[in-house]
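4 protein chains.
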Amino acid sequence: MISMNKPFESTLKKIKKFRDERDWKKFHNPKDMAEAISIEASELLELFLWKTKEESLAFVKNKKNHDEISDEVADILAFLFEFIDNCDIDIEKAIKKKLQKNAKKYPVNKAKGVATKYTKL
Amino acid sequence: MISMNKPFESTLKKIKKFRDERDWKKFHNPKDMAEAISIEASELLELFLWKTKEESLAFVKNKKNHDEISDEVADILAFLFEFIDNCDIDIEKAIKKKLQKNAKKYPVNKAKGVATKYTKL
Amino acid sequence: MISMNKPFESTLKKIKKFRDERDWKKFHNPKDMAEAISIEASELLELFLWKTKEESLAFVKNKKNHDEISDEVADILAFLFEFIDNCDIDIEKAIKKKLQKNAKKYPVNKAKGVATKYTKL
Amino acid sequence: MISMNKPFESTLKKIKKFRDERDWKKFHNPKDMAEAISIEASELLELFLWKTKEESLAFVKNKKNHDEISDEVADILAFLFEFIDNCDIDIEKAIKKKLQKNAKKYPVNKAKGVATKYTKL
Numbered sequence: 000m001i002s003m004n005k006p007f008e009s010t011l012k013k014i015k016k017f018r019d020e021r022d023w024k025k026f027h028n029p030k031d032m033a034e035a036i037s038i039e040a041s042e043l044l045e046l047f048l049w050k051t052k053e054e055s056l057a058f059v060k061n062k063k064n065h066d067e068i069s070d071e072v073a074d075i076l077a078f079l080f081e082f083i084d085n086c087d088i089d090i091e092k093a094i095k096k097k098l099q100k101n102a103k104k105y106p107v108n109k110a111k112g113v114a115t116k117y118t119k120l
Numbered sequence: 000m001i002s003m004n005k006p007f008e009s010t011l012k013k014i015k016k017f018r019d020e021r022d023w024k025k026f027h028n029p030k031d032m033a034e035a036i037s038i039e040a041s042e043l044l045e046l047f048l049w050k051t052k053e054e055s056l057a058f059v060k061n062k063k064n065h066d067e068i069s070d071e072v073a074d075i076l077a078f079l080f081e082f083i084d085n086c087d088i089d090i091e092k093a094i095k096k097k098l099q100k101n102a103k104k105y106p107v108n109k110a111k112g113v114a115t116k117y118t119k120l
Numbered sequence: 000m001i002s003m004n005k006p007f008e009s010t011l012k013k014i015k016k017f018r019d020e021r022d023w024k025k026f027h028n029p030k031d032m033a034e035a036i037s038i039e040a041s042e043l044l045e046l047f048l049w050k051t052k053e054e055s056l057a058f059v060k061n062k063k064n065h066d067e068i069s070d071e072v073a074d075i076l077a078f079l080f081e082f083i084d085n086c087d088i089d090i091e092k093a094i095k096k097k098l099q100k101n102a103k104k105y106p107v108n109k110a111k112g113v114a115t116k117y118t119k120l
Numbered sequence: 000m001i002s003m004n005k006p007f008e009s010t011l012k013k014i015k016k017f018r019d020e021r022d023w024k025k026f027h028n029p030k031d032m033a034e035a036i037s038i039e040a041s042e043l044l045e046l047f048l049w050k051t052k053e054e055s056l057a058f059v060k061n062k063k064n065h066d067e068i069s070d071e072v073a074d075i076l077a078f079l080f081e082f083i084d085n086c087d088i089d090i091e092k093a094i095k096k097k098l099q100k101n102a103k104k105y106p107v108n109k110a111k112g113v114a115t116k117y118t119k120l
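Chains as they are written, first to last, in numbering that gives the first Met the number 0: chain L, 0 to 120; chain C, 0 to 120; chain V, 0 to 120; chain A, 0 to 120.
The reader is advised that the hints may include incorrect statements.
Listed next, with one range per pair, are the computed distances between beta-carbon atoms [stated by the list, open to error]:
#	chain 1	residue 1	chain 2	residue 2	range
1	C	P106	A	K15	15 to 23 Å
2	C	D66	L	H65	33 to 41 Å
3	V	N64	A	T118	50 to 58 Å
4	C	K95	A	K15	48 to 56 Å
Rough simulated footprint, nothing fancy, chain L against chain C, three-plus residues with beta-carbon under 8 Å [to be verified]:
#	region
5	26-33
6	52-64
FYI, nobody ran anything at the bench for these hints, they're computed from the structure.
The C-beta atom is built at its ideal place from N, Cα and C for all residues, glycine as well.
Chain L extracted, bound-state conformation (with noise of 0.2 Å):
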């Protein structure tokens, strides 16, 4: 069970609604949704394909944009919420256990200010 507020329980109900009216439920192994996830992250990366950091920016400050954006972010969080609900994960602890465990491969003193990866340090 996903652990939220009365939010986003009821995005989370408008999600398996719509997936069970077309009875697709069946398709929605962890395995498959793990794909459409990774697909539909592809889809928003390709907003920024041959954008410069800058270029990038100024896209997403364009209001213009603002539903081209959601709606690819909507399409990832569709999946990865019903996946959260399948796998029975709290969100909040999840992440504040991997923020943990970060926290000890990136401490302050050595990662401030770099991006190398853990590995380097």
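Let chain L serve as the given structure and place chains C, V and A on it in line with the hints.
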């Protein structure tokens, strides 16, 4: 701003504190954030590589794998929540709107029980 | 330079001519090329989304799908061959070397018949 | 069959020998191969994560990084060459055909010097 309740607000605060303690905001432009989300999505997918659909379901059911799956999901979410916050996306509105668009691409009478892409429905 | 025989040399020439007619080399830095390869790899993966392993094998066996699969593979290769050429990689040496490294990570006596990742062998 | 000259034929032989010594062909259905290609493409992309376009060019120019880049490229190619062989794709024909299709989507007079996606040209 992410539209969220107090628990997720505190999660986003932790994510931003982790980033800012390390002075990493300068790296977190939308293009690199989208790359990061995609890379982490592939790491989640890798948990299911070479597994059949049935083995994937069993993998997820087995409690000893819960932390590993949680960790990969947390990696995606940490970048995704920050991306959403940086781009000023409203998660609930975005998903609601995308489900409405998808309902037109995948009308129940045509899409029920089949996984055909809308371009071939 | 790609180590190749005359057919592949002519393929790389076509790829570079297509790029240079459109004055696109300026966009083809390694970061964006790696993004493009990843995005195209997701489009290939999408052909198999929601399909079981058996349905995937049948999809590939069916000649009417040959062009669709070919197209996605071509998209990946066009960017990958150019990336390889730009980075001066010798394909044969690179693969030979990596197979030798992999042989150590996956010794036959341990890896035979199982898909376990080397970190867990 | 991959249309290749003798060097690449011997590379494909090495790839298949490595696979068959380990009795791994049973895992190498098209769906999992496409997953593997995608996962390896993300690992290549990760070399450029958080780097600017200029830092990416410098990273590739620096000979000490050549092996690391080669390794990631080899990982993609090993799966891709086998996928191509399993699906009976002719690399040269596939790329030639796709470049012809792309020439229509991106006519020189419209596409020259710009990175706009064809849907928005």
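A quick look at each hint next to the structure:
| no. | hint | result |
| --- | --- | --- |
| 1 | C:P106 x A:K15: 15 to 23 Å | violated, 46 Å |
| 2 | C:D66 x L:H65: 33 to 41 Å | holds, 36 Å |
| 3 | V:N64 x A:T118: 50 to 58 Å | violated, 24 Å |
| 4 | C:K95 x A:K15: 48 to 56 Å | holds, 50 Å |
| 5 | 26-33 | holds (count 6) |
| 6 | 52-64 | holds (count 5) |
Going down the numbered hints, you'll see the structure goes against 1 and 3, while the others check out.
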